[in-house]
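Chains as they are written, first to last, in my numbering: chain G, 1 to 322; chain P, 1001 to 1320.
Calculated from the structure, these hints are not laboratory results. By construction, the Cβ of each residue, glycine as well, lies at the ideal position given by its N, Cα and C atoms. The reader is advised that the hints may include incorrect statements.
As the list claims (entries may be wrong) - Some but not every residue of chain P turned toward chain G, in silico, with C-beta under 8 Å:
#, residue
1, P1126
2, N1127
3, R1152
4, G1156
5, K1161
6, L1210
7, C1226
Said to hold, decoys possible - For lysine-lysine, the following DSS-like pairs were computed, each having C-alpha atoms within a straight-line distance of at most 30 Å:
#, chain 1, residue 1, chain 2, residue 2
8, P, K1207, P, K1167
9, P, K1085, G, K112
10, P, K1207, P, K1161
11, P, K1161, G, K112
12, P, K1085, P, K1161
Claimed, not checked - Sample of chain P residues facing chain G (criterion: CB under 7 Å; computed from the structure):
#, residue
13, P1166
14, F1170
15, I1179
16, T1183
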Amino acid sequence: MNTVAAISPKHAAGQRRRERLFRGATLGAALLVLALLGGVTLSLLIGAWPALAHFKLSFITREIWNPVTDQYGALAPIYGTLVTSFLAMLLAVPVSFGIAIFLTELAPGWLKRPVGVAIELLAAVPSIIYGIWGLFVLAPVLQRHVQPWLIDVLGPLPLIGKFFQGPPFGIGILTAAFVLAIMVIPFVSAVMRDVFETVPDVLKESGYGLGATTWEVIWQVVVPYARTGMIGGVMLGLGRALGETMAVTFVIGNAHRIGTSLLAPGTTISASIANEFAEAVGDLYTSSLVALGALLFLITFVVIAAARLMLMRLERRALGSA
Amino acid sequence: MNKTPDNNPSRPSLPPPAADAAEAAMEEALGAHGSAADRGARLLKPSGRRGGIPAEPHSPLALDSPPIAHPVFHCKDVNMFYGAKQALKNITLDVAPRQVLAMIGPSGCGKSTFLRCLNRMNDTIPNTRTTGTITLDGQDIFAPEVDVAQLRARIGMVFQKPNPFPKSIFENVAYGPRIHGMTRSRAELDEIVCSSLTRAGLWDEVKDRLNAPGTGLSGGQQQRLCIARTIAVQPEVILMDEPCSALDPVATARVEDLIDELRAQYAIVIVTHSMQQAARVSQRTAYFHLGELIEIGETDRIFTNPRHRLTEDYITGRFG
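Build the full structure now, drawing on both the sequences and the hints.
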C-alpha cells in the first residue's frame, strides 16, 4: 500500500520544461510561416521594382510583350490566366458537384470507396503528366473533332459566335481550360464530398420523413446546409487553377496576345514565367517576369481573400440564425 | 373508445407465486432499489405475482388485449437486419387509430429501429434488410409499386433532436405542402402554415417573426415547429422518436400536452426512454427487449400488472 509514490518535484520540473519547449517549438513553426510569407512578398516586390518603376501602370494595361524592344505589358497573361481559370471552373464545378452528390447520397456502398479513392489518386497525378496528355492526346482530339464542330455550330451565332471562330489550332485557351478543369475536379469534388458528409443524417431524414424525394432532399436540404463549404471548395479549386503552370504551358500556345476566340492560343502568367525565365536576358526582361509573378500573387491573394470574406459573411448569417 | 378492457380470456392463467431463494434475492434487490413507487403516479409497484411470470418470451399477441379492429398499421413477423446483425425478431403488433402507442425498452432493444421500419426510413441506411409484412390501412408498404416518398408523406415523423431545416419558420412548415403541391395559391399555403403552427401550439409565439430562421427558436419551440412541419402534410399517423429527450421539463410538458391533443386526429407511435412519459401520454405500451417484442397491452395494465418478468424488471427499474 505504501509503495504508492508521490510525484517527485524533479519530475514535475521536467514536465514543465518539456511543456515550455513544446510550446516554443510550435510557436516558432507558426512564426516561420509568417516570416516566409513576408520574405516572399518582399523579394517579389524588390525583383519587380525595376519593371514597375519603368512601365508604371502601363505594365498592366498594355498587351505588348516584346523582348527585342524591351517593351513589356502584362495584359495578355492576366487575361489568359483569368479566362482559362474561369472557364475551367465553369466546366469543373457542375461535374464536381455531381460527383460529390453521387458519392455521398446515391452511390451504393461497394462503389463509394473505389470511386472516392480514384478521385483522390487523380489529385495526386503530377501536373506535367496532365500537360503531356493534354498536348499529345487531348489537343489533337479537340483539333480534329471538337473544335471544327464548335466553329461550324457556335461560330455563326450572334453574341457568343466570336468566341468560337478562327482556325482550330488544337492548343489554345479552351484546351488549357479543359485540362485545368480535369485537374481541378478532384480537388473540388473531394472538398464538396467532405462538406456534404457533414450534413446531419437527421436533417436529411426529416426531409425524407416529409415525403421528399432524394432529389428534393439534396437540392433543398443538403445544398443549403452545405453552401458555405461548397464555396470554399470552389475557391480552393480556383486558387489551384490560377496558379497551375506546367500543364497550361504545354497546351496554351504561349502567344502574348489577346484573341477574342477561345480557340486561339494565348498565355497565362505562370506559363509566361516558366517559358521565358531561362532565356530572359536583360534586367528589365527579368524584372518584368518577376512583376508577373507578383501580379499572380496579388490575384490569388485577392481571390482567396474574397472567398474568406464571403464565407465569413455566410457564416455570420448562419450564426445569426443559430 | 380507445380503452380496451384488460381481460383476455385466451390468456392462460398464471401459476401461483413460487417463493424460492432467487425470488427472495430479487425481492431484496427491488426493496433496495426502493424508488419504483416514485416513478410516476401510475407506475405502481406490481403486486405479488412476480414468481409466476415466465422468464422466456412467448408470443406477445397472447399477452395482448383483444385484437384491434381496424389497425392503422398491421405488422406481422417483422425482422430487420443491419448487415448480418439481426436487430428485430418477429415483431407482430397493430397500431390503433386515434391512440398513442408507446414503445419502451432498454437502449438497443430495437424500438427506434422498429419505428423507422414503419415509414421505411431504414431504406436510407445502406446494408439493411427488412422482412415480414407491414400494412398501412391494409396496403403493403413494401410492395414494389409503393412510391416511398408518397408513403412517407402519409406518415409524419418527429425526431429525437429538434431538426428544423436551415430555413425560415414559415418555410419550414411550408416545405412539405410545397413539395407535394398541396396548395394552389399563396393564401392557401399561408392558411396551412397558420393552422399547423396553431395546432402545434406555436402560432402565438412566432406569428410576428415567421421569416426568422427556424433554428433561432428555443429547443422546445423547435420541436413544436418540427411537429407543425409534420402535420402540415396532413399525415395519417405520426411517428415520434424520443421527441422530448433533448427538451427541458417545461418544454416536455408542452409537447406531451400537444401529443394528447393530436391523438384526437392521428394515430401516434412514440418511442420513449421515459416510463413516466409512456405512462402519461400513451394508451397502449409495447415493451421491447433485445430486438423482441416482449409484451404489449394497455398502458395501465402494463405498468400496474406486467405479465412478463422482463417487462416488470424494466418498469421497476431493475435494469435499463
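Interface hint check: P/K1161, Cβ to nearest Cβ on chain G, cutoff 8 Å. Holds or violated? Result: holds, 6 Å to nearest chain G Cβ.
Does P/I1179 pass the interface check with chain G, least Cβ-Cβ distance below 7 Å? holds, 5 Å
Holds or violated: the hint that P/G1156 contacts chain G, with Cβ atoms closer than 8 Å. holds, 7 Å
Within 30 Å, alpha carbon to alpha carbon, are P/K1085 and G/K112? holds, 22 Å
Quick one, is the P/N1127 hint okay against chain G at 8 Å, beta carbons? holds, 6 Å
So if I understand the rule, the pair passes when the alpha-carbon distance is 30 Å or less; does P/K1207 with P/K1161 pass? holds, 23 Å
Interface hint check: P/F1170, Cβ to nearest Cβ on chain G, cutoff 7 Å. Holds or violated? violated, 14 Å
For the hint on P/P1126, just tell me whether its beta-carbon gets within less than 8 Å of chain G. holds, 4 Å
P/T1183 as an interface hint toward chain G, with CB separation required under 7 Å: With a closest approach of 15 Å, the P/T1183 hint is violated.
With the threshold set at 30 Å, check whether the alpha-carbon distance from P/K1085 to P/K1161 stays at or below it. holds, 26 Å
What's the verdict on P/K1207 and P/K1167, does the C-alpha distance respect the 30 Å limit or exceed it? holds, 16 Å
Between P/K1161 and G/K112, is the straight-line Cα distance small enough, at 30 Å or below? holds, 28 Å
Violation of the numbered hints given earlier is confined to hints 6, 14 and 16; the remaining hints are satisfied by the structure.
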